[in-house]
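Sequence lines, in order, name chains Z and U. Letter by letter, the first sequence follows residues 1 to 148 in the UniProt record's numbering. Letter by letter, the second sequence follows residues 1 to 148 in the UniProt record's numbering.
You can take every hint at face value.
Sample of chain U residues lacking proximity to chain Z, with all beta carbon distances greater than 10 Å (derived):
1. L5
2. R9
3. Q29
4. G90
5. I123
6. G125
7. Q129
8. T141
If the Cβ cut is set under 7 Å, some of the chain Z residues that face chain U in the computed set are:
9. S82
10. G107
11. P108
These aren't lab readings, by the way, just hints derived from the structure by calculation. All C-beta atoms, glycine included, are put in the ideal place defined by N, C-alpha and C.
2 protein chains.
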Amino acid sequence: MAQALDAARQAADRGEVPVGAVVLGSDGQVLAVASNEVEKRQDPSAHAEILAMREAARLLGSRSLSSCTLVVTLEPCPMCASAMVHFRLGRVIYGAYDPKGGGVDHGPRIFEQPACLHRPEVIGGVREQENARLLKKFFITLRQSRLS
Amino acid sequence: MAQALDAARQAADRGEVPVGAVVLGSDGQVLAVASNEVEKRQDPSAHAEILAMREAARLLGSRSLSSCTLVVTLEPCPMCASAMVHFRLGRVIYGAYDPKGGGVDHGPRIFEQPACLHRPEVIGGVREQENARLLKKFFITLRQSRLS
Chain Z
1 MAQALDAARQ AADRGEVPVG AVVLGSDGQV LAVASNEVEK RQDPSAHAEI LAMREAARLL
61 GSRSLSSCTL VVTLEPCPMC ASAMVHFRLG RVIYGAYDPK GGGVDHGPRI FEQPACLHRP
121 EVIGGVREQE NARLLKKFFI TLRQSRLS
Chain U
1 MAQALDAARQ AADRGEVPVG AVVLGSDGQV LAVASNEVEK RQDPSAHAEI LAMREAARLL
61 GSRSLSSCTL VVTLEPCPMC ASAMVHFRLG RVIYGAYDPK GGGVDHGPRI FEQPACLHRP
121 EVIGGVREQE NARLLKKFFI TLRQSRLS
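Generate coordinates for the entire structure from the input sequences, incorporating the hints supplied.
As structure tokens, then:
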């Protein structure tokens with residue numbers, strides 16, 4: 001989670017919503033680190049989780065990440081949660097809860113859908129306050145810069 | 001839809017699940033055509049809809065596709081439906097219904113979620129039988145080739 005937080009802070013420095021993600025292989029080795037690149041790529045689908053999973057799959061030469069763990073600073077949105085199903089991700093560990101935009105423990109709760117074909121193990125709320133603080137700080141700064 | 005179907009047929013010829021998508025601009029002009037590239041890119045997130053929306057946004061130089069219509073041969077999955085929310089897509093027209101994998105009129109019904117921040121207009125079941133037939137034919141051929 002420390003590496004994911006670092007990636008999130010780097011995203012904030014670039015003016016991106018600070019979300020960072022790391023994919024770990026079966027032995028715990030880091031396969032991919034990514035942060036939100038929506039602004040940089042001008043691509044609303046360029047969330048940290050999708051970028052990290054794509055890179056990990058490329059490295060492994062496999063479309064299945066069933067032996068991998070994804071660590072991300074914020075509860076994944078429904079798009080990223082559904083992408084985790086497509087990548088057959090083994091486990092997701094996330095930081096801050098996202099009652100408004102989350103899709104794992106909020107909203108459509110993608111993995112709990114009856115038709116969901118793959119359910120990663122989920123551990124939420126890891127270093128929750130630290131992760132939530134980073135996002136809160138970013139949005140306060142953004143609001144202040146828009147008002148000034 | 002004819003162009004989306006053509007793209008889907010080309011995907012089938014490459015051994016991809018045959019799904020094709022077209023993004024039309026505000027005057028009905030074609031901005032992007034894409035088909036499923038999961039096999040080609042070895043990327044489970046490379047669905048036709050996401051590839052087409054990304055290309056259309058790039059062409060328009062805008063992250064918002066609120067003036068655009070996406071035409072796709074199959075009911076979008078939850079990942080693609082959620083991506084449509086992020087891209088603020090204006091309208092989606094789709095062909096075959098997908099009771100097992102769909103995320104618009106089945107499963108999590110992404111646009112009907114109370115927390116959904118943007119709801120594209122939806123028209124489903126357009127040239128439904130033709131679109132469904134293409135998919136059915138593909139899976140029958142795939143099964144036969146695996147059995148032989």
